[in-house]
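K.L.:
Here the protein sequences come in this chain order: A and B.
So in UniProt numbering, spot 147 of the first sequence is number 147, and the numbers just go up one at a time.
So in UniProt numbering, spot 21 of the second sequence is number 21, and the numbers just go up one at a time.
These are calculated hints, taken from the structure and not from any lab test.
Please read these numbers as outputs of a predicted model, since none were measured by experiment.
We treat Cβ as the ideally placed atom computed from N, Cα and C, and that holds for glycine.
Worth double-checking, as some hints may not be accurate.
[As the list claims (entries may be wrong)] Beta-carbon label-pair distances, calculated as ranges:
#	chain 1	residue 1	chain 2	residue 2	range
1	A	Glu408	B	Tyr22	19 to 29 Å
2	B	Asn89	A	Leu432	26 to 36 Å
3	B	Leu41	A	Ile346	25 to 35 Å
4	B	Ala101	A	Ser414	31 to 41 Å
5	A	Ser414	B	Asn89	16 to 26 Å
6	A	Arg405	B	Phe91	50 to 60 Å
7	A	Ala232	B	Asn60	54 to 64 Å
8	B	Tyr22	A	Arg405	29 to 39 Å
9	B	Asn60	A	Asp395	17 to 27 Å
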Amino acid sequence: MRRILCIVVLVFAVLILVESKSTTGSRVLVLLDNEDDKKLYTRFFGSLEGRDYIVTYKTVTNLNPSIELFSYGERVFDHFINFAQKKDKTDSITPTSLINFVNDGGNILLAVSSEITENIRNFARELDIEFDERDTFVIDHFNYNVSDDGKHTLLVSSNFINNEAILSKEVVEGPPVLFRGIGHKVGSVPLLTKVLWANDTAYSYETKDDQVVDQEPLVIGNNIGLISTLQARNNARVTLVGSLEFFSDRFFDSSVQKLKSSESYPKSGNEAFANDLTKWTLQEKGVLRVTSRLHHKDDEYEQLDTYRIKDNFTYTIEISEYVNDHWQAFNGNDVQLELIMLDPYIRVNLTALPTNEHQEHHSRKYKAHVQLPDVYGVFTLKVNYKRPGYTYIVDTTTITIRHFRHNEYPRFISAAYPYYTGAASMGTGFLLFCFIWIFNKDAGKSTAEKKKIN
Amino acid sequence: MVEKSNLTEKFSSAIEKLWKSYQKDTAQNLKLIDAYLVFILFSGIFQFMYCVLVGTFPYNAFLAGFTSCVGSFVLAVNLRIQTNPENSNEFKGISPERAFADFVICNILLHFFVVNFIG
Numbered sequence: 001m002r003r004i005l006c007i008v009v010l011v012f013a014v015l016i017l018v019e020s021k022s023t024t025g026s027r028v029l030v031l032l033d034n035e036d037d038k039k040l041y042t043r044f045f046g047s048l049e050g051r052d053y054i055v056t057y058k059t060v061t062n063l064n065p066s067i068e069l070f071s072y073g074e075r076v077f078d079h080f081i082n083f084a085q086k087k088d089k090t091d092s093i094t095p096t097s098l099i100n101f102v103n104d105g106g107n108i109l110l111a112v113s114s115e116i117t118e119n120i121r122n123f124a125r126e127l128d129i130e131f132d133e134r135d136t137f138v139i140d141h142f143n144y145n146v147s148d149d150g151k152h153t154l155l156v157s158s159n160f161i162n163n164e165a166i167l168s169k170e171v172v173e174g175p176p177v178l179f180r181g182i183g184h185k186v187g188s189v190p191l192l193t194k195v196l197w198a199n200d201t202a203y204s205y206e207t208k209d210d211q212v213v214d215q216e217p218l219v220i221g222n223n224i225g226l227i228s229t230l231q232a233r234n235n236a237r238v239t240l241v242g243s244l245e246f247f248s249d250r251f252f253d254s255s256v257q258k259l260k261s262s263e264s265y266p267k268s269g270n271e272a273f274a275n276d277l278t279k280w281t282l283q284e285k286g287v288l289r290v291t292s293r294l295h296h297k298d299d300e301y302e303q304l305d306t307y308r309i310k311d312n313f314t315y316t317i318e319i320s321e322y323v324n325d326h327w328q329a330f331n332g333n334d335v336q337l338e339l340i341m342l343d344p345y346i347r348v349n350l351t352a353l354p355t356n357e358h359q360e361h362h363s364r365k366y367k368a369h370v371q372l373p374d375v376y377g378v379f380t381l382k383v384n385y386k387r388p389g390y391t392y393i394v395d396t397t398t399i400t401i402r403h404f405r406h407n408e409y410p411r412f413i414s415a416a417y418p419y420y421t422g423a424a425s426m427g428t429g430f431l432l433f434c435f436i437w438i439f440n441k442d443a444g445k446s447t448a449e450k451k452k453i454n
Numbered sequence: 001m002v003e004k005s006n007l008t009e010k011f012s013s014a015i016e017k018l019w020k021s022y023q024k025d026t027a028q029n030l031k032l033i034d035a036y037l038v039f040i041l042f043s044g045i046f047q048f049m050y051c052v053l054v055g056t057f058p059y060n061a062f063l064a065g066f067t068s069c070v071g072s073f074v075l076a077v078n079l080r081i082q083t084n085p086e087n088s089n090e091f092k093g094i095s096p097e098r099a100f101a102d103f104v105i106c107n108i109l110l111h112f113f114v115v116n117f118i119g
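For reference, chain A alone in the conformation it holds in the complex (with noise of 0.2 Å):
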């Protein structure tokens, strides 16, 4: 029994020890053309591998064990890096099993050269995203490294998204990156994000023979994706690469020097930018998470779950980013609060509060005081804050509007008072007038009849 035990402890810890770096789990299948490829990218494995990830490394080319992104029904990967080019013999790999594996919450990283396979073209056009032909390259005769070997697709871009969630300020503001490799078209799906992108003067197209151009190239300039990027409404994150050779040693290594410019960098800027990248694919950053929200009447500290219409509401809740291997206070300024019912009766900017700075703080506060509407019923709190870059937010709580309760209205209205004197005078002129007409002892008497009397 105390042997069972102190296993069941051992393996507890093992699992601890190799928790990786990603916020949705460690599990990293790589899929390569053959063996040999792990040579060309063992500084890119190599970052993998150090920051604790469990990668398993397949081939297309070697059937067994076959490729399964899932066993029963249940995803075995958490994470699925693509390298390889060639056709997927069992063709388990196939547009739909990706599908799937995001609409699990599976993190897919996919490099694709000119040879792209039919399976990712049709899982790229799934995510909105076009592809262009096969053999086709990016071409940009203004824009080429030196080291070019003459057909002008050695690209040198530092068109890079200036997001801080995707990419660090010191990789934007770094060197170029080098890229050769296939375009791609991205459509108006709002769940892409551009990476990065070529410059106004390229055009994608064939390279063979002597490269002349006599049909439309798909995408031309700065509309030609280079790498782009979806995140799905769950949250799952999809980096779609043109170029393979963007992760190799060599371009890590490679100087970067464009042609007629003075600018030259000893090391282009493709380690550090596929660094971010992959961090931002696996979920190691731009990931943010809610963690407490709070709500009650301005005066009172106790959170209801009835209000009244009309009452002075506050509404607090703490949003922490996950930031190099720790949860860390979000620094968002543009957070909002909705009050729904059917539709949003009350949208307001959440304050962010300062944080101190002496202290450590896992998440920021943001707090928005309202006055609830004139309208009872049942209303949902909602912070629906979605941004590139940043995994989604959608925060909802509900609660009820009740309307005054009848002894919340004042009981006298003061402008009724003449109506309340007159029927109170109505009912003493009647008491008075009863009072003369028993006690008067000349009634039906007139003055005449009166002084006749008299």
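Start from chain A and add chain B according to the hints.
P.N.:
Chain B in isolation, oriented as in the chain A frame:
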């Protein structure tokens, strides 16, 4: 001009005569009722004017106040008709005491409703 001043003179003298005969020939209890009616009339007019000026906001209060005036007026007029000796032929079965009792009961009923409705 002469005719006109003549006319007004005639009119004012007629009014004067009416007033004098009213004072002389009308029974005292009927005069009491008349005074009561004038009081009710002014109270009602005042409430109506107030409602026109200020608005109908506590409409139930206005209705209650105004109805109490109208109701009291109608009941008082009924009492006057029934207790007037000149009408005794028409109300043979109804003595002035009986008419007064009716008046009191109806008034109590009226004010019961008014107080309930005024809010």
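K.L.:
Evaluate each hint against the coordinates.
P.N.:
Each hint, compared with the structure:
Between A/Glu408 and B/Tyr22 the C-beta distance comes to about 55 Å, which lies outside the given range of 19 to 29 Å. Distance hint check for B/Asn89 and A/Leu432: the Cβ-Cβ separation is about 31 Å, which falls inside the suggested range of 26 to 36 Å. For B/Leu41 paired with A/Ile346, a C-beta distance near 52 Å fails the hint of 25 to 35 Å. Checked against the hint of 31 to 41 Å, the pair B/Ala101 and A/Ser414 passes, with Cβ atoms roughly 39 Å apart.
Between A/Ser414 and B/Asn89, the C-beta spacing of about 52 Å breaks the proposed range 16 to 26 Å. In this structure the supplied range 50 to 60 Å holds for A/Arg405 paired with B/Phe91, their Cβ-Cβ distance being about 52 Å. The supplied range of 54 to 64 Å is met by A/Ala232 and B/Asn60, whose beta-carbon atoms lie about 59 Å from each other. The hinted window of 29 to 39 Å between B/Tyr22 and A/Arg405 is violated, with their beta carbons roughly 57 Å apart.
For B/Asn60 and A/Asp395, the hinted distance range of 17 to 27 Å is not satisfied, since their beta carbons lie about 45 Å from each other.
Of the numbered hints stated above, those contradicted by the structure are hints 1, 3, 5, 8, 9, listed in ascending order.
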